Amino acid sequence: MMIIKILGSGCKKCMALGENAKAAAAAAGQAAEIIKVTDYAEIARYGVMSTPALVINDKVVSTGKVLSSGEIQMLLTPAG
Amino acid sequence: MTEIFRWMNDQLLRMQWLSDLVTLLVRDVFGLDIATRIGASVHFFIYYVIKIFILLSVLIFSISWVQSYFPPERTRRILGEHKGIGANIMAALLGTITPFCSCSSIPLFIGFTGAGLPIGVTFSFLISSPLVDLASVILLASIFNWSIALAYVLVGLVLAVIGGTLISRAGMEDHIEAFVFQSPIMTGDGETPTRRERFRFARDQVVEIFQKVWLYVLIGVGVGAAIHNWIPESVITGLLGQDNWWSVLVATLIGIPIYADIFGTLPIAEALVAKGVGLGTALAFMMAVTALSLPSMIMLKNVVKLPLLLLFAGIVAAGIIIIGYLFNAFGHLFV
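Protein chains in written order, with my numbering: chain A, 1 to 80; chain B, 1001 to 1335.
Worth flagging that the hints you see were computed from the coordinates, not collected in a lab. Since the model is a prediction, treat every value here as computed from it, not as a measurement. Be aware that a few hints might be false.
[What the hints assert, rightly or not] Ranges of calculated distance between the beta carbons of each label pair, as one might list FRET restraints:
1. A/I34 to B/N1244: 50 to 58 Å
2. A/M74 to B/G1080: 31 to 39 Å
3. B/S1057 to A/I34: 29 to 37 Å
4. A/E19 to B/W1007: 29 to 37 Å
5. A/N57 to B/R1196: 22 to 30 Å
6. A/C11 to B/P1257: 43 to 51 Å
7. A/E33 to B/W1017: 52 to 60 Å
8. A/M74 to B/L1024: 50 to 58 Å
9. A/M1 to B/R1077: 31 to 39 Å
10. A/M74 to B/D1028: 50 to 58 Å
11. A/E33 to B/S1147: 32 to 40 Å
Heads up, the beta-carbon is just placed ideally off N, CA and C, and yes, glycines get one too.
Can you build the whole structure from these sequences, using the hints too?
Here it is, written out as structure tokens:
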């Protein structure tokens, strides 16, 4: 099972990214758990400077952008 | 040559054509006399809302394009190459072009400080970033004039450099939460975006900032129209006039807890100045609203302890007040 984390303080952009990630996982037919990380200490642990950031299986794949679900799907496929 | 510049300044930047057009609209379509209070208020409101929205869209788009060349990772690398006050100056300058939203200020603070940048440098960046962005400069030039806009940038940068330097001197590193220093550092500048990605970033920024500030703009322009036409000049000058030595102080204190965007505050500042309030007082109000706000303080509280937070707020507030008095004393040189 894939673990997708959304790093961000809970602003609108983070929610949009979360929604897109969910849609991408569903479209790719991947079982994925989506976790929203809002704790600054934990965000800091990933070394991320612009939020929202997307983390797939503990690897930071994008920062400061709201990726579309299509773009997230492309990131999901090689990992799966 | 100066003729051309003046024409461009009046028509493109100050949008004289729009003012004329709105005059026609108010007079011939609404049937209101521009000289009456209601007519003048309606004109002020429509003219400023359209003008600010046009400027906002054009400016945010072009500035975001420039910003896409300066992601925070790159800014951090550049800052790491400078030492001492040079680093503070660089931080203040880069603060004007690095994309910044208050929701990103904490990860950015952690990213900078955790990477070993002196806290003073980080604070120089945090002061200049909301205070002096390129959009605000052009708006200031559009609503007041170029010399005021340039003077504003200059004092804003000086405040950021001095503020950051003072915070460095205070040696308050132990007032930063420990986890900040334990974060790993991602090196490199990140991936370079393609032209299409830059375009998308710029377009998204316009949409996003528009959604964020349109209400502030409407409120700000509404307050400006009210000040212009309904509140007697004696009340305004009685409260914030040049004769009162405490006017700058009051304006700053009123502005600190308020959170609004610079786009919303400019029409208020313009109306205040038109009513005889000192330029310094109006600018102090504007700077206090944009640079210091309760939401951003609460956010910073996550990473710094109270004494450092208070020092930061104190230095910035003091700086704004000094700038306000300086502009009141020398403001006649600019208007």
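Hint check:
For the hinted restraint 50 to 58 Å between A/I34 and B/N1244, the CB-CB distance of approximately 57 Å keeps it satisfied. Taking the beta carbon of each, A/M74 and B/G1080 are about 33 Å apart, inside 31 to 39 Å as hinted. One distance hint, 29 to 37 Å for the beta-carbon pair B/S1057 and A/I34, holds here, with the actual separation near 34 Å. In this structure, A/E19 and B/W1007 break the distance hint of 29 to 37 Å, their C-beta atoms being roughly 49 Å apart.
The given range of 22 to 30 Å is respected by A/N57 and B/R1196, whose C-beta atoms sit roughly 28 Å from each other. Roughly 21 Å separates the CB atoms of A/C11 and B/P1257, a value that falls outside the hinted 43 to 51 Å. The given range of 52 to 60 Å is respected by A/E33 and B/W1017, whose C-beta atoms sit roughly 57 Å from each other. At about 53 Å, the CB distance of A/M74 to B/L1024 agrees with the hint of 50 to 58 Å.
Range check, A/M1 to B/R1077: Cβ separation about 37 Å, and the 31 to 39 Å hint holds. Distance hint check for A/M74 and B/D1028: the Cβ-Cβ separation is about 56 Å, which falls inside the suggested range of 50 to 58 Å. At roughly 58 Å, the beta carbons of A/E33 and B/S1147 sit outside the given window of 32 to 40 Å.
Hint violations for this structure: numbers 4, 6, 11, all remaining hints satisfied.
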